[in-house]
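**Q** Model the placement of chain B on the given structure of chain A, informed by the hints.
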Amino acid sequence: MKKFRLHFLCADECKFLGRCVSVTVPLLDGSAGIMAGHADMAAIMKDGLLKIDTGEDVLEYAVTDGLVKVEDGFVLILAFSAEKPEEIDEKRAQQAADRASRLIKRHKSELEYRQAQADLSRALNRIKVKHRG
Amino acid sequence: MADTKAIANRIKSVKDTRKITNAMYLISSTKLSKARKQLESTYPFFNALRGEIGKIVKFTDVEGSRYFLKDKEPDEVGAAYGMLVITADKGLAGSYNQNVIKEALRLMEIHPNFRIFVVGEYGRHYFTSHNIPIDEEFDFPDHEPTLYTARMISSYLTHLYDQNIISMIRVVYTDFINAFSSEAVTYRLLPFDKKHFESDGIDERDTENFDYFPSPLDVVNKCIPVYTIGFIYSALVYSFCCEQNSRMMAMDSANQNADKLVSELGIRYNHLRQNSITQEITEISASVKAAQNNKKR
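Those sequence lines, one after another, are chains A and B. My numbering puts the first sequence at residues 25 to 157. My numbering puts the second sequence at residues 1087 to 1383.
Rather than coming from a laboratory, the hints here were simulated on the basis of the structure.
If you want a taste of the chain B side facing chain A, the calculated C-beta under 10 Å gives, among others: (1) Gln1124; (2) Ala1134; (3) Arg1237; (4) Met1238; (5) Gln1249; (6) Pro1300; (7) Ile1315; (8) Tyr1319.
For glycine and all other residues, C-beta sits at the position ideal for the given N, C-alpha and C.
Bound-form chain A, shown alone:
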């Protein structure tokens, strides 16, 4: 399998820098796989599961607020936060999800509603990724 270079950064850490066989990213219209020789592109990622196949190993992350870019066969992934399933605290995520759905129901202001929805999406994403792992 042909490999390509991948640089995966989150806000305060470099998560991955090296060569891999394929990477699966959550785009707005569903998961998309990127392999060597992909056309140049830049796309928004939604909160979801990111998979990196290095050939020997498959790494999984729950990502939020991200961007993926392919340029000259070099893939750059920027995500505000990225966590491995084993780093996720399921109880905390569940609590966050409960709190967010409570706030959504209360719907005091539009701002609160929007923030709560973003929180809920992040929390549910964490739980989902945790259960896969």
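**A** Relative to chain A, chain B alone:
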């Protein structure tokens, strides 16, 4: 003797205060280096993000994006300007808080129609006690800036911006120049100037056949709010560093003053003690002499 006791008490109390100021000095210095380290770890991400935004802005038409500066300044009669003022939670940091507030007041003189968002209890207290209206719901503490707080602040402000409640966001914070000097500065956060994203490096790639999902405009509009998080975070950390630095300097001079005071008081204490000893010896030797004289008689 009462006087020497008072001085001894005073010396003890100065020494005790010195212990506190010294502890504050040490705490500030560790907090400072920790915050700087955390900020540095976010540089790669936000620099890369800025680079990507820059490339998109350079090669595609993003005129439709509300996050970029139009030819004219946002109109002054319309929506209010937003101003994010970053102060500390407590004082004891030299002129740090005053400088930020002074800068904020200077801006308010130019444009009276400001909606003020305050970080830190000190600023909040100042504005409320001077009857300057601030956004009451905006409530974020200043201690230990985190990316999480920055994200909350950013989503709060960008939401108001998206709703056209505020037409511009300015950040008033303290810039860390070096260990000895800092400065209260203002920076326009939104809308961005396209120049902000221009890089100096030669980057003559062909982006004609670059695919954007869903569209260049959507990609930029999604990236900018994330980028503002980074900007707010760095403003928070810079301010935090300056606060700690001012506090270190204030506490350092407090320590030096305490040392000076203790040594002065020590000298006075020794003088008084010596005086009383001399007096006692004089009294004893005088009375011995008197007793001897009595015997001889």
